[in-house]
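Q: Quick mapping for you: the protein sequence lines, in order, are chains A and B. For the first sequence, our numbering assigns the number 1 to the initial residue and increments by one for each residue that follows. For the second sequence, our numbering assigns the number 1 to the initial residue and increments by one for each residue that follows.
In case anyone wonders, no lab produced these hints; they're calculated from the structure. Every value quoted in this text rests on a predicted model; they were computed, and no experiment measured them. Ideal Cβ positions, reconstructed from N, Cα and C, are used throughout, including at glycine. There may be inaccurate statements among the hints.
What the hints assert, rightly or not - One-sided and incomplete, this derived list gives chain A residues near chain B with beta-carbon spacing under 8 Å: (1) I30; (2) V68; (3) I70; (4) I73; (5) D75; (6) G77; (7) G156; (8) V168; (9) W190; (10) V381.
Said to hold, decoys possible - The calculated DSS-like cross-link candidates involving lysine-lysine, where the alpha carbons are at most 27 Å apart (straight line), are: (11) A:K113 - A:K36; (12) B:K358 - A:K32; (13) B:K156 - B:K355; (14) A:K480 - A:K377; (15) B:K438 - A:K36; (16) B:K358 - A:K169; (17) B:K438 - B:K358; (18) B:K166 - B:K358; (19) A:K32 - A:K113; (20) B:K156 - B:K438; (21) B:K438 - B:K166; (22) B:K166 - A:K113; (23) A:K311 - B:K358; (24) A:K169 - A:K113; (25) A:K32 - A:K169.
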Amino acid sequence: MSLANFYSSHWVVTFLVFFPAVAGIACLFIPKGWLKQFAFGAGMVEFLVSLPMFWTFQVGRVEYQNFVSIPWIPDWGISYSLGVDGISILLILLTTFLLPISVLVSWEQINTKERAYYAMLLVLVTGILGVFVAMDLFLFYVFWEITLIPMYFLIGVWGHERRIYAAVKFFLFTAFGSLLMLVAILVLFWVHLDQFGFASMAYPEMLRLNIGGAMEFWLFAAFALAFAIKVPMFPFHTWLPDAHVEAPTAGSVILAAVLLKMGVYGFLRFAIPLFPGAALDPSVVMTMLVLGLIGITYAAWVAAMQPNLKKLIAYTSVAHLGFVMVGTFAFTSMGVAGGVLQMVNHGISTGALFILAGFLYQRRHTYEIAEYGGLAKIVPVFSTALVITALASIGLPGLNGFVGEFMILVGAFLRYPWVTLVAATGVVFAAYYMLPMIRRVVWNDVTIEENRGLLDLSRLELAIIVPLLLLMVLMGVYPKPFIDRVSASSDWLVERIEVVAEQRSGGASDVAAADITESRPRNR
Amino acid sequence: MQLDFISHLDYLWALLPEAVLATGALVLLIIDGFSRRGDGDNRGVGWGAMLFLALAMAANIWLMGVEEVGTTGMVAIDGFRIFTNFIFLGAGALTVLISFDYNVREDMTDGEYYALLLFALVGMMILAGSRDLILIFLGFELMSIAVYVLVGFNRKDPRSAEASLKYFLLGAFASAFLLYGMALLLGTSGTTNIGLMSLMVGADSVGILTIAGLALLAIGFGFKVSAVPFHIWTPDAYEGAPTPVTAFLGAAVKGAAFAAFIRIFVVGLGDFHPYWETIIWWFAVLTMMLPNLMALVQNNIKRLLAYSSIAHAGYLLVALISANESGMASFLFYLVAYTAMIVGAFAIVLVLAGKGDKYQQLSDYNGLGWTRPWAAAILALFLVSLAGLPPTAGFVGKFYILRAAVEAGYLNLAVVLVVSTLISYYYYLRVIVNMYMKPAAEPRESVTWAGSLRTALVICAIVTILMGLFPSWPLLKARQSVDGLRQVAAHVTDPSPIARN
Numbered sequence: 001m002s003l004a005n006f007y008s009s010h011w012v013v014t015f016l017v018f019f020p021a022v023a024g025i026a027c028l029f030i031p032k033g034w035l036k037q038f039a040f041g042a043g044m045v046e047f048l049v050s051l052p053m054f055w056t057f058q059v060g061r062v063e064y065q066n067f068v069s070i071p072w073i074p075d076w077g078i079s080y081s082l083g084v085d086g087i088s089i090l091l092i093l094l095t096t097f098l099l100p101i102s103v104l105v106s107w108e109q110i111n112t113k114e115r116a117y118y119a120m121l122l123v124l125v126t127g128i129l130g131v132f133v134a135m136d137l138f139l140f141y142v143f144w145e146i147t148l149i150p151m152y153f154l155i156g157v158w159g160h161e162r163r164i165y166a167a168v169k170f171f172l173f174t175a176f177g178s179l180l181m182l183v184a185i186l187v188l189f190w191v192h193l194d195q196f197g198f199a200s201m202a203y204p205e206m207l208r209l210n211i212g213g214a215m216e217f218w219l220f221a222a223f224a225l226a227f228a229i230k231v232p233m234f235p236f237h238t239w240l241p242d243a244h245v246e247a248p249t250a251g252s253v254i255l256a257a258v259l260l261k262m263g264v265y266g267f268l269r270f271a272i273p274l275f276p277g278a279a280l281d282p283s284v285v286m287t288m289l290v291l292g293l294i295g296i297t298y299a300a301w302v303a304a305m306q307p308n309l310k311k312l313i314a315y316t317s318v319a320h321l322g323f324v325m326v327g328t329f330a331f332t333s334m335g336v337a338g339g340v341l342q343m344v345n346h347g348i349s350t351g352a353l354f355i356l357a358g359f360l361y362q363r364r365h366t367y368e369i370a371e372y373g374g375l376a377k378i379v380p381v382f383s384t385a386l387v388i389t390a391l392a393s394i395g396l397p398g399l400n401g402f403v404g405e406f407m408i409l410v411g412a413f414l415r416y417p418w419v420t421l422v423a424a425t426g427v428v429f430a431a432y433y434m435l436p437m438i439r440r441v442v443w444n445d446v447t448i449e450e451n452r453g454l455l456d457l458s459r460l461e462l463a464i465i466v467p468l469l470l471l472m473v474l475m476g477v478y479p480k481p482f483i484d485r486v487s488a489s490s491d492w493l494v495e496r497i498e499v500v501a502e503q504r505s506g507g508a509s510d511v512a513a514a515d516i517t518e519s520r521p522r523n524r
Numbered sequence: 001m002q003l004d005f006i007s008h009l010d011y012l013w014a015l016l017p018e019a020v021l022a023t024g025a026l027v028l029l030i031i032d033g034f035s036r037r038g039d040g041d042n043r044g045v046g047w048g049a050m051l052f053l054a055l056a057m058a059a060n061i062w063l064m065g066v067e068e069v070g071t072t073g074m075v076a077i078d079g080f081r082i083f084t085n086f087i088f089l090g091a092g093a094l095t096v097l098i099s100f101d102y103n104v105r106e107d108m109t110d111g112e113y114y115a116l117l118l119f120a121l122v123g124m125m126i127l128a129g130s131r132d133l134i135l136i137f138l139g140f141e142l143m144s145i146a147v148y149v150l151v152g153f154n155r156k157d158p159r160s161a162e163a164s165l166k167y168f169l170l171g172a173f174a175s176a177f178l179l180y181g182m183a184l185l186l187g188t189s190g191t192t193n194i195g196l197m198s199l200m201v202g203a204d205s206v207g208i209l210t211i212a213g214l215a216l217l218a219i220g221f222g223f224k225v226s227a228v229p230f231h232i233w234t235p236d237a238y239e240g241a242p243t244p245v246t247a248f249l250g251a252a253v254k255g256a257a258f259a260a261f262i263r264i265f266v267v268g269l270g271d272f273h274p275y276w277e278t279i280i281w282w283f284a285v286l287t288m289m290l291p292n293l294m295a296l297v298q299n300n301i302k303r304l305l306a307y308s309s310i311a312h313a314g315y316l317l318v319a320l321i322s323a324n325e326s327g328m329a330s331f332l333f334y335l336v337a338y339t340a341m342i343v344g345a346f347a348i349v350l351v352l353a354g355k356g357d358k359y360q361q362l363s364d365y366n367g368l369g370w371t372r373p374w375a376a377a378i379l380a381l382f383l384v385s386l387a388g389l390p391p392t393a394g395f396v397g398k399f400y401i402l403r404a405a406v407e408a409g410y411l412n413l414a415v416v417l418v419v420s421t422l423i424s425y426y427y428y429l430r431v432i433v434n435m436y437m438k439p440a441a442e443p444r445e446s447v448t449w450a451g452s453l454r455t456a457l458v459i460c461a462i463v464t465i466l467m468g469l470f471p472s473w474p475l476l477k478a479r480q481s482v483d484g485l486r487q488v489a490a491h492v493t494d495p496s497p498i499a500r501n
């Protein structure tokens, strides 16, 4: 198979999905001395193989690329279907990019049961990538659930003091949503059989459904609940701070950077396009927007009060994901694209924040902000990195966070100016919680003598953080290539939604119905 | 070969696997009676049992090529029977494999153990394969009496005796209910043949006696499959019984009772679905919710698995009430998956408990993941499968049951099922938490993993994983096995708003 063939067929995706799991199982049998090197090598292979996809991905094409559909359980219409589009491509690359970094982060921090640790880390990536590329509802659900177990172990075995509580809470919260989604998937299956007369669980098939009415609303609710818990949206977010605080650094990085994105991705891929009527219902949109806004403001206030560095970062996640949800449910192309971009930005900057917090913990074994202060004089390189990252997280122009937030705010303004008004205050609040944290950690005077002996970043730590910083600057200064890759798919999504809106307001006609289902060329 | 049951010899052919097994049991009894006692080992008898199980398996394969005339014969020769026979024989073989060293360790070396096991299997196969109430009752008694003895087989252990007594008393009670129900149905319909029964009564002219008969029958079966509120005996019996027998109870005995339950209620009396729907609906809801809640507070692993097993009966009740082909096929699929995972789980519990079954508390599993990684990993696999998480057989099985329930329009039961599943996650996770996230208890004496037990474990683990990853072949077989099973009652009105076919 030639290389071009590899990148134009599904093999690249199949490889990316299953290679980490194979490498993870191999980890269990590698001699201890070679383990980290092996895991890092596997991570690098994964990343380097995925990297050309950024360029082989055909910009402006709405069809799924690298698409494949092989029967898996033909009796039930279940197939092994994978595909990549503008919504998933950046998330895939983000995941593979963070994999070798996670291994490096764990290099010195994980000293017990390393074999199982790296195995879990790698298997987790298989689950996450599977979620991002699955084009079959059953397959999607399987990958969705597979991510639970490794994450549960990562928190529960290698976490901090209250790790068991946090791990079980994480598991039960997420499982609750997904189980109801399973029932909804089954109902969808029967609806499809009803409307088209053959069994299929394939996502492109499901897009052809025309459900409507209360059924559509309930199905949307079941999907939305599963995703809202994962995002996490405001009233369902309580598992997140616990999970973040207790998880080991690499666990937090993966959790914040990609695992949460599975929730938003679920909205964009499934809940909204499958049930456009329900998603566009004014009360649903209002609920989602208001919950997103509450998430932005409330989480910001809570974050400002946190004495614990990691908990603060965890709440910033809730706030940032609130932004993403607002962008998504504004249903403008710019808002959706901004949301996708902001997911990537958040993954990079929050991931970096967790990594930096982990560096501090490595040195002082505490996350209490009060335990630090005046670090700028003692560890200047670390302090510089922390300040840049924090500014990127706030959304300072020139760094990546700005682009996504700006697009979301503009996107929302086109439809709901008042939403932008409230959301924009969130940017101010972000400064309100982040800058005092910087002041108390980096500036001020050295109050605790023990801190005077802190070492600055080692070469290994630099190798971890510098790529992240570079990416922050790159995406902040020249975001065009990233936006380009998203926009075709976000346009399609909004177009599909609008066709439904027209149809609903102008009375359902067969022509309009055909428009929705045919609004996207499907791979067969 | 075609059997029309004109000649009496036909019955012998139709019951060939059962006949082989019953002969085997008698032969084993006789050989054991003449052999020298007191050598502290009954492995020979066990291997004899394995031989006869293999012969019965061969007879069952032969039965696949046999056709019967009509669908109301006293003995059914259909896919359902053949499929369940395979499950029971497989479960029996696994039980024998995990019993070898346990029996020696616990000093229960009487050869009758294996003979009783075979007798119980004969009862199960008759139970699941007959279309006549009398024969079903005979099967029940043959199975139950053998199992009562097996539960109390460890005579030196008072818990075993208590379990046996409790099981026997309540089991006998349940048999009385069954008989009453059967008698009433015989009275109103004039036949004991369940294929003819609904025709004789007529679905439109169901009287109070028929309903009473159905209710009594449902209660009797409720006892046998340990549906809440008739489950009180189960945790005690499961905890007190010798562990291989517990595995056997959980997998095969329950499966056989369910097979008969389905054959009577879904295949035979499917026309009366509106009349028995309500009682079974409540059985299902209670049996899913209550045991899962009770299991949350258990500290003994055998008791925890016992409650888990009751909850699984609740899931199977959902398959039953769906009363469609998917429901029956999902029952068959789930039974295979469930047999593999529950026997596997009990096999590990059995070894880790050590001589005298000392270590059965959850706290005894602390740190097991790091002191005995293989045992813990395999136990975790079975627990994950019992919890119904992908990519294991338990997930596909549960998915199938859910699919059948949604197809039949029981969305409410589907939701109850997933909510109870969520509750169950907590206690399955608890075991995993203890194994992997708590520090190890003080080192204990080493345990031996006999080759036969290892074989059984490997088989169970492979089945659990393969049926989770590549379920299409077993799914196809399960569906083919129930093809046409409901032709007798094909005109049942389907309650589903969105159901097909």
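Q: Does each hint fit the structure? Answer for all of them.
A: Results of checking the hints against the structure:
1. I30: violated (15 Å)
2. V68: violated (18 Å)
3. I70: Not OK, violated: I70 (chain A) not within 8 Å of chain B, min 12 Å.
4. I73: Given a least distance of 5 Å, the restraint on I73 (chain A) holds.
5. D75: holds (5 Å)
6. G77: G77 (chain A) check fails; min Cβ-Cβ to chain B is 11 Å, beyond 8 Å.
7. G156: holds (5 Å)
8. V168: holds (6 Å)
9. W190: Since the shortest Cβ distance to chain B is 5 Å, the answer is holds.
10. V381: violated (36 Å)
11. A:K113 - A:K36: Answer holds: K113 (chain A) to K36 (chain A) is near 12 Å, not above 27 Å.
12. B:K358 - A:K32: With Cα atoms ~35 Å apart, K358 (chain B) and K32 (chain A) exceed 27 Å; violated.
13. B:K156 - B:K355: holds (13 Å)
14. A:K480 - A:K377: violated (37 Å)
15. B:K438 - A:K36: holds (25 Å)
16. B:K358 - A:K169: violated (32 Å)
17. B:K438 - B:K358: holds (20 Å)
18. B:K166 - B:K358: Judged against 27 Å, a Cα distance of about 22 Å means the pair holds.
19. A:K32 - A:K113: Given pair K32 (chain A), K113 (chain A) holds - Cα atoms ~10 Å apart, limit 27 Å.
20. B:K156 - B:K438: violated (34 Å)
21. B:K438 - B:K166: It is violated: about 36 Å lies between the C-alpha atoms, which goes past 27 Å.
22. B:K166 - A:K113: violated (46 Å)
23. A:K311 - B:K358: violated (44 Å)
24. A:K169 - A:K113: holds (23 Å)
25. A:K32 - A:K169: violated (32 Å)
Violation of the numbered hints given earlier is confined to hints 1, 2, 3, 6, 10, 12, 14, 16, 20, 21, 22, 23, 25; the remaining hints are satisfied by the structure.
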